[in-house]
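Participant: Letter by letter, the chains look like this.
Protein chains: 2
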Amino acid sequence: MTIRPAQIGDHLDQVATPSLLIDLDAFERNLDRMASLVPANGKIRLRPHVKTHKCIEVAQAQIARGAVGVCVQTVAEAEAMVAGGVRDVLLTNQIADKARAKRFAALAATATVASCADDPRHVALLDEAAAAAGTNPGMLVEIDVGQHRCGVEPGRQAAALAQSIARSKHLHFRGLQAYHGSAQHLRDPDARRAAIAAAAAATDATLTEIRKAGLEAEIVGGAGTGTFQLEQQAGPWTELQAGSYVFMDADYRRNDAPPQFENALFVLATCSSVARAGHAVIDAGLKAIAFDSGMPLVVAPQGAIYAKASDEHGTLDLDQAALSIGARVRLIPGHCDPTVSLHDWLVGLRGDRVEALWQVRARGPGL
Amino acid sequence: MTIRPAQIGDHLDQVATPSLLIDLDAFERNLDRMASLVPANGKIRLRPHVKTHKCIEVAQAQIARGAVGVCVQTVAEAEAMVAGGVRDVLLTNQIADKARAKRFAALAATATVASCADDPRHVALLDEAAAAAGTNPGMLVEIDVGQHRCGVEPGRQAAALAQSIARSKHLHFRGLQAYHGSAQHLRDPDARRAAIAAAAAATDATLTEIRKAGLEAEIVGGAGTGTFQLEQQAGPWTELQAGSYVFMDADYRRNDAPPQFENALFVLATCSSVARAGHAVIDAGLKAIAFDSGMPLVVAPQGAIYAKASDEHGTLDLDQAALSIGARVRLIPGHCDPTVSLHDWLVGLRGDRVEALWQVRARGPGL
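First to last, the sequence lines map onto chains A and B. Take the first sequence: its position 197, counted from the start at 1, is 222 in the working numbering, and no numbers get skipped. Take the second sequence: its position 262, counted from the start at 1, is 287 in the working numbering, and no numbers get skipped.
Incorrect hints may have been included.
Any copy will do: because identical chains look the same in the list, a pair fits if it lies in one copy or spans two.
[As the list claims (entries may be wrong)] In silico lysine-lysine, DSS-like type, Cα no more than 30 angstroms apart, as pairs:
#1 Lys333 with Lys123
#2 Lys68 with Lys123
#3 Lys194 with Lys127
#4 Lys127 with Lys333
#5 Lys68 with Lys237
#6 Lys127 with Lys68
#7 Lys123 with Lys194
#8 Lys194 with Lys237
To be clear, the hints were calculated from the coordinates, so they are not data collected in a lab. Given the structure is predicted, the values throughout are model-derived calculations rather than measurements.
Please put together the full structure from these sequences, using the hints given.
Facilitator: Following this line, the structure appears as structure tokens:
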């Protein structure tokens with residue numbers, strides 16, 4: 026159904042636009058760098074988040090380099106990963122309706138899966154679905170360590186919820202989800218350090234209560250690309266959930282002391298109009314790039330600035346740059362995850378040749 | 026491949042989230058209202074823009090009520106519309122590469138199609154592709170009537186480009202594209218009126234030059250949902266290209282004297298977490314709703330405010346509203362076009378029953 030932007034073996038010039046390019050050399054260096062920073066034989070392991078890429082091939086490359094499994098954010102992503110052969114999937118999110126609980130409980134028949142709870146209702150929903158499916162999914166308690174989105178208060182309230190999971194008939198209590206999402210893009214490294222130190226203290230306090238309740242947290246999950254080395258040093262965490270490191274984006278580059286990974290994801294666009302002096306129009310706008318974290322950076326032609334987006338158009342200020350109709354433009358999107366989710370395919374380039382064509386699975390809103 | 030959020034006959038409670046709902050009663054009233062405002066037997070006809078909905082079924086409903094054909098913004102949309110039986114398609118955009126020119130020229134074998142030029146390069150590309158395909162597509166000259174995106178200067182420059190189309194071997198000169206996109210969302214009705222008056226003067230001046238060159242503009246296209254009655258009264262236009270009127274969005278509601286159509290498009294979401302007092306988290310974030318034109322409005326529960334979006338989460342401030350885990354939330358997106366493009370299906374509701382399930386065609390970045 027979906028139009029493929031390229032075929033394996035195509036030259037870069039043949040790739041249709043607007044499309045997503047992966048620089049495979051940079052991508053593989055990112056994988057290798059993460060594997061060296063979070064080694065497979067360490068006490069703290071990597072469980073990368075696939076909401077960044079939604080690709081079986083990328084997940085398998087991460088697992089081949091030592092990841093214990095993957096994180097997903099939607100049940101559809103979990104289904105896609107299990108269908109693609111991933112055997113250990115953590116849904117870092119709450120399941121809040123019977124239909125999704127049923128789908129998720131069914132996955133536990135063929136893979137190790139767990140989801141998160143911050144309310145007894147989540148426990149009851151999945152327990153009931155597991156009973157019907159005859160499976161035993163795992164469950165983590167999500168605690169609010171500073172993101173102020175989901176998660177129960179750290180401490181006794183979290184331990185009480187853990188007990189309710191442990192007392193359920195069909196669920197395993199697996200541990201804690203302790204992710205400080207908003208710390209990832211704090212620009213100041215000291216602010217990131219302080220945020221993760223506070224999250225560590227809250228997590229430690231919760232683990233104390235969990236142990237008092239006679240339970241053990243096998244998994245303590247958290248961290249992202251902006252902070253994972255802080256969580257790695259801080260103590261309580263056992264699994265790091267960074268995802269963006271494989272591709273990176275413009276917003277992470279805006280951090281002071283940004284993460285040491287390379288930009289491997291690019292939007293390829295074509296110049297469609299140069300009718301106005303000093304400006305050019307390209308074919309990548311709101312339907313091809315996510316703008317929630319600012320404008321994309323123009324990599325080529327150098328000096329051009331992405332000034333304005335409309336549905337299917339982007340307007341560049343050219344300054345000293347030159348563009349002609351049909352010329353290619355390469356951009357780094359502001360935010361990788363929602364940009365990838367706009368596309369059906371990732372075009373993997375080795376130099377100027379298409380070496381891989383990876384499908385974006387469970388693309389879109391995340392049913 | 027894509028998961029269907031519902032089946033025909035389902036109750037609203039069974040529709041998966043996050044998904045797009047169409048209130049079919051409101052949608053049909055919008056169609057009827059537009060047909061009464063721009064009647065099929067009038068001198069000025071409607072050629073609605075399908076980039077709003079990307080649906081064959083919606084396009085056919087528009088044509089059944091008198092539209093002369095449709096506008097599209099991408100070649101993939103043109104292909105989808107022709108495959109769905111639409112016989113007259115105007116691409117209100119420039120084709121800037123050989124691959125797309127080839128695909129578009131091929132469509133002219135089975136449908137009346139035309140695209141736009143603002144440079145001789147566009148003429149040469151399509152003429153060459155038409156020669157190879159053995160077809161005769163149409164072409165319009167796009168003029169810049171105030172949007173400052175694409176389009177040649179009105180007047181003699183436009184007439185010269187029209188002549189180059191007329192002189193080409195395989196293309197028909199069909200007329201002018203004169204769309205003032207940025208006027209649609211000017212909040213002040215007087216500002217909109219002034220913008221369209223200036224656009225009309227520029228278009229009239231161009232038509233004078235076109236006639237001097239011995240050519241005739243059969244089509245003068247332009248207008249959107251925010252201004253189409255101004256273009257209708259102003260003179261030069263022959264076709265009105267409004268699209269958003271079928272669904273409407275939150276941003277059009279922010280215009281003073283907003284267009285007289287109803288909100289027929291809603292995002293359906295599920296509350297997934299209520300761990301924080303005064304707040305609720307829903308399953309519709311950046312991958313389910315477009316945020317370029319501001320936050321979505323919360324229709325139900327009344328009083329709640331969409332405060333913050335992340336990839337797969339939305340955080341609501343509840344104020345006096347109440348929400349429990351699993352409860353449904355209904356939102357009006359800020360901007361309909363890019364929101365629809367995030368989804369694969371539109372769920373058509375009659376009251377509380379699913380009556381239609383329409384596929385979003387050529388969804389995404391618009392190859």
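Participant: My question is about Lys194 and Lys127: at a cut-off of 30 angstroms on alpha-carbon distance, are they close within one copy, between copies, both, or neither?
Facilitator: within (16 angstroms within a copy, 62 angstroms between copies)
Participant: With 30 angstroms as the alpha-carbon cut-off, assign the pair Lys123 and Lys194 to within, between, both or neither.
Facilitator: Answer is within: at 17 angstroms inside a copy they meet the 30 angstroms cutoff, but 62 angstroms across does not.
Participant: Within a copy, between copies, both or neither: which one fits Lys68 and Lys123 at a CA-CA cutoff of 30 angstroms?
Facilitator: neither (36 angstroms within a copy, 55 angstroms between copies)
Participant: Using 30 angstroms as the alpha carbon limit, work out where Lys68 and Lys237 are close: within a copy, between copies, both or neither.
Facilitator: Only inside one copy: Lys68 and Lys237 sit 23 angstroms apart there, 81 angstroms across copies, limit 30 angstroms.
Participant: Cα distance capped at 30 angstroms. Does Lys127 pair with Lys333 within a copy, between copies, both, or neither?
Facilitator: Between. Shortest inter-copy distance 29 angstroms satisfies the 30 angstroms Cα cut-off; intra-copy 44 angstroms does not.
Participant: First find the shortest C-alpha distance between Lys127 and Lys68 inside one copy, then the shortest across copies, and answer within, between, both or neither for a cut-off of 30 angstroms.
Facilitator: Result: close neither inside a copy nor across copies, 34 angstroms intra and 57 angstroms inter.
Participant: At most 30 angstroms between C-alpha atoms: does Lys333 with Lys123 qualify within a copy, between copies, both, or neither?
Facilitator: For Lys333 and Lys123, the Cα distance is within 30 angstroms only across copies (26 angstroms; inside one copy 42 angstroms).
Participant: Go through the copies and call it for Lys194 and Lys237: within, between, both or neither, with a Cα cutoff of 30 angstroms.
Facilitator: Answer is within; shortest intra-copy Cα gap is 22 angstroms, inter-copy 85 angstroms.
The structure fails to meet hints 2 and 6 from the earlier list, while all remaining hints are met.
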